[in-house]
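S.K.: Please put together the full structure from these sequences, using the hints given.
Residue-level listing of the chains:
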Amino acid sequence: MKVKDVVIVGLMSAALTAGKLALSFMPNVEIVTLFLMLFAVTLGLKRALLASIVFVTTEILLYGFSTWVLVYYALWPCLVVVTTLLSRMIKSEFGYAALAGIFGFSFGFFSAVFESFFYGPAYGIAYWLRGITFDVVHGASNFIIVLMLFSPLHNMLKAQAARFILN
Amino acid sequence: MKKKILAVIAVLLVAAAIIAVYKFFIIPKATADEKTVNIHIVIEHQDIDKQFTYTTKFEYLGELIKEKKDELGADFGEFTGLGAYVKAMMDYTADESKEFFSIKINDVDAEYGIDQIPLKDGEIYSFVLTTWN
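The listed protein sequences derive, respectively, from chains A and B.
Heads up: the first sequence runs through residues 3 to 169, numbered per this note's numbering.
Heads up: the second sequence runs through residues 690 to 822, numbered per this note's numbering.
What the hints contain is simulated information worked out from the structure, not anything from laboratory work.
Any given hint could be a false lead.
[What the hints assert, rightly or not] Cβ-to-Cβ under 8 Å is the rule here; a few derived chain B residues that face chain A: (1) Val-700; (2) Leu-701; (3) Ala-704; (4) Ile-707; (5) Tyr-711; (6) Asp-798.
[Said to hold, decoys possible] Pairs of lysine-lysine residues, derived as DSS-like cross-links and limited to a Cα-Cα distance of at most 30 Å, are as follows: (7) B:Lys-755 with B:Lys-718; (8) B:Lys-809 with B:Lys-755; (9) B:Lys-693 with A:Lys-160; (10) B:Lys-757 with B:Lys-787; (11) B:Lys-739 with B:Lys-755; (12) A:Lys-160 with B:Lys-691; (13) A:Lys-93 with B:Lys-692; (14) A:Lys-160 with A:Lys-48; (15) B:Lys-793 with B:Lys-712; (16) B:Lys-793 with B:Lys-757; (17) A:Lys-6 with A:Lys-22; (18) B:Lys-776 with B:Lys-758; (19) B:Lys-746 with B:Lys-757; (20) B:Lys-712 with A:Lys-22; (21) B:Lys-793 with B:Lys-809; (22) A:Lys-93 with B:Lys-691; (23) A:Lys-22 with B:Lys-692; (24) B:Lys-712 with B:Lys-746; (25) B:Lys-724 with B:Lys-712; (26) B:Lys-693 with A:Lys-22; (27) A:Lys-160 with B:Lys-692; (28) B:Lys-693 with A:Lys-93; (29) B:Lys-712 with B:Lys-758.
[What the hints assert, rightly or not] Partial chain A-side listing against chain B, Cβ under 10 Å, derived: (30) Glu-95; (31) Ala-99; (32) Phe-120; (33) Gly-122; (34) Ala-124; (35) Ile-127; (36) Ala-128; (37) Leu-131; (38) Val-139; (39) Gly-141; (40) Ile-146.
Remember, it's a predicted structure, so these values are computed and weren't measured experimentally.
The C-beta atom is built at its ideal place from N, Cα and C for all residues, glycine as well.
M.R.: Next comes the structure, spelled out in structure tokens:
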């Protein structure tokens, strides 16, 4: 791995953490999904995957270790991989917005599945049902954020990447 | 841009509809009628197996046990985003590293926290000290 990549992954991770903290006052409204999708499409799978792992590790340093850490280590890199795989098929920002919306809406469900491994199915079901309204907010806000911001940020990031990173 | 605005409006409407269905049809409903309910507490390794019967107009289990917390020796914690949970009963505080108070309604595992469980006449709400899987 080149020094340039180490620096870029560090900057990507910092952007993810800063973006998460900046919107932390609004429950389940976040721009981590948008950033990771942009990174995956613009800067490549490897860099985006590493940034997602560094981001989750930083979350542990900020909030401590718990079962959600495993969910994060699974779901955020999974978003990067799925975005990369689907990017060849997605032709407009509507496709990315739909993917972000589905990801946000199902986040609570997958978290509940992980939680049920530790605390049993009853806890998992309760966790999921209790959080459905948050999942709806997460899915809807993801859809809107990605629909509105993906294209302009993608164009900007692509131009900067061509100038400073990918040459 | 017009297509995007229409999509945003559509998503907001769908989200509002899902939240409305959840609030009005999925969350268990409570009534303010008078009802007689039982609170059953089991802490096996302390030889505690007690049942309390209350007649109340409270709507939710959480309201009742918070009101009766001195008699029940209850204490509560808060799960961020999930609401209140019971961390002590009969003055015994669960060691959160290995145990918790499992809530059962008529011997069936509850699917909601204490603040979402509606009180119904004749039901038995059990708090059973349980070790994590």
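S.K.: A separate judgement is required for each hint: does it hold in the structure or not?
M.R.: Hints, one by one, checked against the model:
Checking Val-700 (chain B) against chain A: minimum C-beta separation of about 5 Å stays under 8 Å; hint holds. Against a cut-off of 8 Å between C-beta atoms, the interface hint on Leu-701 (chain B) holds, since the closest Cβ of chain A lies about 6 Å away. Interface restraint check for Ala-704 (chain B): the shortest CB-CB distance to chain A comes to about 4 Å, inside 8 Å, so the restraint holds. The interface hint given for Ile-707 (chain B) is met, as the beta carbon of that residue sits about 5 Å from the closest beta carbon of chain A, less than 8 Å.
Residue-level restraint check for Tyr-711 (chain B) holds (minimum Cβ-Cβ distance to chain A is 5 Å; threshold 8 Å). Given the 8 Å rule on beta carbons, the hint for Asp-798 (chain B) holds: about 4 Å separates it from the nearest Cβ of chain A. Taking the CA atoms of Lys-755 (chain B) and Lys-718 (chain B), the gap is about 20 Å. The hint holds against a cut of 30 Å. At most 30 Å may separate the alpha-carbon atoms for a hinted pair to count; Lys-809 (chain B) and Lys-755 (chain B) meet this at roughly 17 Å.
Taking the CA atoms of Lys-693 (chain B) and Lys-160 (chain A), the gap is about 22 Å. The hint holds against a cut of 30 Å. For the proposed pair Lys-757 (chain B) and Lys-787 (chain B), the alpha carbon gap of about 26 Å is at most 30 Å, so the pair holds. A C-alpha spacing of about 17 Å is found between Lys-739 (chain B) and Lys-755 (chain B), which places the hinted pair at or below 30 Å, so the restraint holds. For the hint linking Lys-160 (chain A) to Lys-691 (chain B), the alpha-carbon distance of about 25 Å falls within 30 Å, and the restraint holds.
With a C-alpha separation of about 15 Å, the suggested pair Lys-93 (chain A) and Lys-692 (chain B) falls inside the 30 Å cut-off, and the hint holds. Note on Lys-160 (chain A) and Lys-48 (chain A): the hinted pairing holds, with a Cα-Cα distance of about 16 Å set against a maximum of 30 Å. Proposed proximity of Lys-793 (chain B) and Lys-712 (chain B) is supported: the alpha carbons are some 23 Å apart, at most 30 Å. Pair hint Lys-793 (chain B) plus Lys-757 (chain B) holds up; C-alpha atoms about 18 Å apart against a cutoff of 30 Å.
Distance hint between Lys-6 (chain A) and Lys-22 (chain A) is fulfilled; the C-alpha atoms sit about 24 Å from each other, no more than 30 Å. Restraint check for Lys-776 (chain B) and Lys-758 (chain B): satisfied, since their Cα atoms lie roughly 12 Å apart, inside the 30 Å limit. With a C-alpha separation of about 13 Å, the suggested pair Lys-746 (chain B) and Lys-757 (chain B) falls inside the 30 Å cut-off, and the hint holds. Simply put, Lys-712 (chain B) and Lys-22 (chain A) have alpha-carbon atoms about 28 Å apart, close enough for the 30 Å limit, and the pair holds.
Restraint check: the Cα-Cα separation between Lys-793 (chain B) and Lys-809 (chain B) comes to about 13 Å, which is no more than 30 Å; the hinted pair holds. Taken as a hint, the Lys-93 (chain A) and Lys-691 (chain B) pair is honoured in the structure, with Cα atoms around 18 Å apart against an allowance of 30 Å. As the CA atoms of Lys-22 (chain A) and Lys-692 (chain B) are separated by approximately 28 Å, the hinted pair is consistent with the 30 Å bound. Restraint check: the Cα-Cα separation between Lys-712 (chain B) and Lys-746 (chain B) comes to about 22 Å, which is no more than 30 Å; the hinted pair holds.
At most 30 Å may separate the alpha-carbon atoms for a hinted pair to count; Lys-724 (chain B) and Lys-712 (chain B) meet this at roughly 24 Å. As the CA atoms of Lys-693 (chain B) and Lys-22 (chain A) are separated by approximately 25 Å, the hinted pair is consistent with the 30 Å bound. For the given pair, Lys-160 (chain A) sits about 24 Å from Lys-692 (chain B) by alpha-carbon distance, which is consistent with the 30 Å threshold. For the given pair, Lys-693 (chain B) sits about 15 Å from Lys-93 (chain A) by alpha-carbon distance, which is consistent with the 30 Å threshold.
For the proposed pair Lys-712 (chain B) and Lys-758 (chain B), the alpha carbon gap of about 28 Å is at most 30 Å, so the pair holds. Hint on Glu-95 (chain A) holds. Least Cβ distance to chain B is approximately 8 Å, under the 10 Å limit. Interface hint at Ala-99 (chain A): satisfied, since its Cβ lies 7 Å from the closest Cβ of chain B, which is below the 10 Å cut-off. Look at Phe-120 (chain A): its Cβ gets to within about 7 Å of chain B, closer than 10 Å, so that hint holds up.
Because the closest C-beta pair between Gly-122 (chain A) and chain B is about 6 Å apart, less than 10 Å, the hint holds. Checking Ala-124 (chain A) against chain B by beta carbon gives a least distance of about 4 Å; that is within 10 Å, so the hint holds. The interface hint given for Ile-127 (chain A) is met, as the beta carbon of that residue sits about 5 Å from the closest beta carbon of chain B, less than 10 Å. Because the closest C-beta pair between Ala-128 (chain A) and chain B is about 5 Å apart, less than 10 Å, the hint holds.
The interface hint given for Leu-131 (chain A) is met, as the beta carbon of that residue sits about 6 Å from the closest beta carbon of chain B, less than 10 Å. Of the supplied interface hints, the one on Val-139 (chain A) holds, with its beta-carbon coming within about 7 Å of a beta-carbon of chain B, less than 10 Å. The restraint placing Gly-141 (chain A) at the interface with chain B holds, with a minimum CB-CB distance near 7 Å, inside the 10 Å limit. Nearest Cβ of chain B to the Cβ of Ile-146 (chain A): about 5 Å, under the 10 Å cut. The hint holds.
Consistency note: the structure conflicts with none of the earlier hints.
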